[in-house]
Amino acid sequence: MSTKAWFVIARQQTLLLLRDRRLRVAGIAFLLICLAAWVSALARNERIAQERSAATRAEALAWSSQGRVDPHGAAHFGQYVFKPVSPLSIFEPGLQDQLGTVVRLEAHQQSPASHRPSDAGTALSRFSSFSLAAALQVLAPLLLILTGFTTFSGERARTLLRQEIASGVSPRELMLGRLLAQAAVIGAILSVLALVGAATLLLRKEALADYVRLGGLIVAYGLYLCCFLAVTLGISACCSSARSSLAASLAFWCCTVLLVPRIAPAVAAHLEPTPSAIEFQAAVDAALDRAFDGDNPRATRSKRVKAMILKKYGVTREADLPVNLRGESLQYAEQLSTDAFRQQYRQLYRIYDRQAQLERAFTPLSLLLPMRAWTASLAATDFGSHERFLAEADAYRFQLVQRLNDDIRRNRPKDATHYTNDVAHVTADLDHFEPSAEPLANVWDRQWPDAMALIAWALVSGGFCWLCVARLREPS
Amino acid sequence: MKLLLRIGLHELRRVSRDRAFFGLIVAFALVSGYAAWNGQVWSQQRQSALAQTAAQAEETRSAYLEKIAKTLRGGRQTPTYTLLAVGLQHHLTLPVVSMAPLTVGQAEGYPYEARFHALSPTHDLFTAPVHGLENPATLAAGRLDLAFVIVVLLPLVLIAGTYDLWTAERENGTSAFLLSQPVSPTALLIGKALARGGTLLIAVTGITVAALAVTTTLQGPVNSYLALSAIVLLYGSFWIALALAANVLMRQTTTTALACGTVWLFVVWLLPAMLSAGLDLLRPAPSAAEHVNALRLHELELRNVPASAAVSSCPAPGLDRSIAARRNLGHIESQDLIFAPLVEAYETQHTERRRLAQTLRVISAAIAAADALERIAGTDAERAIAFQKQVVEFQEQWRAIVASRAAVPAVLGVEAAGHTLPRFHFREPDVPNETNYFALLAALAIPCALLAWGLRRRALIVNETGVDR
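Top to bottom, those sequences are chains A and B.
With this note's numbering applied, the first sequence corresponds to residues 42 to 517, in that order.
With this note's numbering applied, the second sequence corresponds to residues 10 to 478, in that order.
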């Protein structure tokens, strides 16, 4: 009997929702916004992907057309790598606009990614970008609140609620039926998005892992929106008037979507400050000095390195060395500078990690915080994915520079002339830089606390909704 | 006028008994205080970074002058060319103005520092990664500064305080009674709006200005505080006008709240987001990847120029040829000439994009207000671009000195004491603020027209039927 009752209520509620003209208009408007966001993101990503693909080809051409040059000169000429666009950034741009897109690879230097899309903006750039994620994270909860705040409070004010309960329906059945009806609307919207997403991935021939990521995104959005739904219905059940229900629900939305997501990073950055560029550069310089036995002047350093190399090869004169001293020294120096740079960047990125952990402390106050972190990591538009790209780019840089240094090391010019070689030939057997896709297991290792927080939010909001059922029997 | 005053005073008495009204003001004050403090923390961090740079610059300059003094003490006729050309690295910074705690604005999207010497390639002046270490997640979340409070939260406070200005009377059934009195509906509505909305607006304006005054310890120019007050009042009036229009057009408080909320969402979130997407479609940002590659191909061409060509154009025979050959002024300037069209094309695309974005701000009052606040705080795009231009001018100034000294290899003489060597002082750009207020006013015109239409329609209904529907 009870199963039937909640089913009937859910069906009736769905019919009511579908018949509601305002809701129909809002739903269509929302889908149109999603569609517009999807189309604009698709066009933008397509343009960026084409630009970067062309740039990668032009870069390879520039490298190969150097001809015979000093290989170390070529290492300073360097290469540029361009960050590929994640296919799921159409759905969740994450930190895409705040992360650099171009990385210069050169000798003795690990550069951060430059040319952030958010650079060189105007006042308009301060506002949220138009994306599917923003529509689902900001707008959709608001629409749920606007459609759900009168569910019980409005009926209570019109004394309809008492009549419904008097007709023999239990408050739990009432709540479950209405919850399911509105959840069905969420499900329908997310199904449309899932289909559109899958079709996009299919047309672009993306990897299977991307479908799994898309599935994860849809499930996360389902949980996120259901949390808002449960809280809205819970508040509606508790409030005696539609007005107070609306005020409380909007306050919850305002806090969880507007305020806390801005306060949390600011507090985290205050407690765990990011070093200024100058401080960072000073730390890098100090690390380089330490690596190169900094107390000694440059000339003494060179002598020390030379003595070390001579000892390594068991000779006393440079002329007796089986290798080119310059190449051997450069290889040694590159190893030291690379280690120093990596250590400093690692420390910087650990500060970001600690800031993220501090932000997580605000999770009980904002559902958007874990949601944003989880979806960005699934879409490979978070900092973790970017750090992986930077690490791979630096590994490639090291390999490239050391290959060029090794060429110098193995070739001793017979006279006083500077050694030159065709660098394209020297590096011919090095594969072009191709960043790898991050395994899903890595994403889980990094972000599982956010996934757990999302589940915890779902349980707590569900529990809240269930507890509020008891208030349905109370008169207004 | 007397009638308006009586209505206003009556409404004020009602407001004084409304605890929610004061709760709103207290909540706004708390958030404003936090936002102002947050802005102050950012401003201090930036100032500290600039102070570090200034200390480094002073250290470099002292070491440079000491180096010159040393060569002079040695009695050698050291050629000044090399010392002037590459001996001194300049550290130029964009100063933070006292009103900076108001908003971070665009300060994190533009370089605020340049390090170079006279012969550094012009297109490379701002490519050093000195401004990009902030956690991207913090940047993406956006700063909770006073500008955010004013642009995003203030409308919500005003809407919350005025959404039931007239519809509450209708729901209570008192509107018919009020309209039956010898009072024109327009005077009634205006009086109530002025009393309730005006009080709230004056309170929030006072709070924002006070919060900024406390954090800046009143060090900003009076004009800036006045401009801030004017912007908050104008922007707030826009939202009160909207709430009033919704009150006139809607019948229920809930519907009015929903309508106001929807308009808020549209003006503050959806419209700017759509404009941003439109801007990307109409004037996409120039491709950084293409630009980098174009520069690179030119660099490759230049690298293939025989070194002898550079040496032969060395300006003063007998100079340190190893440096002069590589960093010869003429050679660098010819490089700049080759790179100039590429850089110019890239910059032009950015400028056109910015220009369109500036035009689009008049469509949304929120963007116009944010833009005006950034200008007051000195964190706007135009100021940052002016800094870049002035850095290039300063480098040209140094190059002129290098060129003049290159012709005659001689010791520095008086210049060695550092008295005549130019120093960089940022000149504030002369951008007329009136245009920004005009933009804001233009953005206000549409809803005000809507309000006027609404009031007229409402008045007609009352006049025709004599009762409130």
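Simulated from the structure, these hints should not be mistaken for lab results.
Here the structure is a predicted model, which means the values were calculated and not measured.
Errors might be hidden in some of the hints.
[Said to hold, decoys possible] Beta-carbon label-pair distances, calculated as ranges: (1) A/L72 with B/E342: 50 to 60 Å; (2) A/A327 with B/T226: 28 to 38 Å; (3) B/S193 with A/V80: 22 to 32 Å; (4) B/R292 with A/G504: 45 to 55 Å; (5) B/E405 with A/R391: 55 to 65 Å; (6) A/D472 with B/L311: 40 to 50 Å.
Every residue gets a Cβ at the ideal spot worked out from N, C-alpha and C, and that includes glycine.
Hint check:
At roughly 58 Å, the beta-carbon separation of A/L72 and B/E342 lies within the given 50 to 60 Å, and the hint holds. For the pair A/A327 and B/T226, the beta carbons lie near 35 Å from each other, so the given range of 28 to 38 Å is met. Between B/S193 and A/V80 the C-beta distance comes to about 50 Å, which lies outside the given range of 22 to 32 Å. The hint said 45 to 55 Å for the Cβ distance between B/R292 and A/G504, and at roughly 50 Å that hint holds.
Between B/E405 and A/R391 the beta carbons are some 43 Å apart, a value that contradicts the proposed interval 55 to 65 Å. A/D472 and B/L311 have their C-beta atoms about 29 Å apart, which leaves the hinted 40 to 50 Å range violated.
Figure legend: structure checked against the earlier numbered hints; hints not met, in rising order: 3, 5 and 6.
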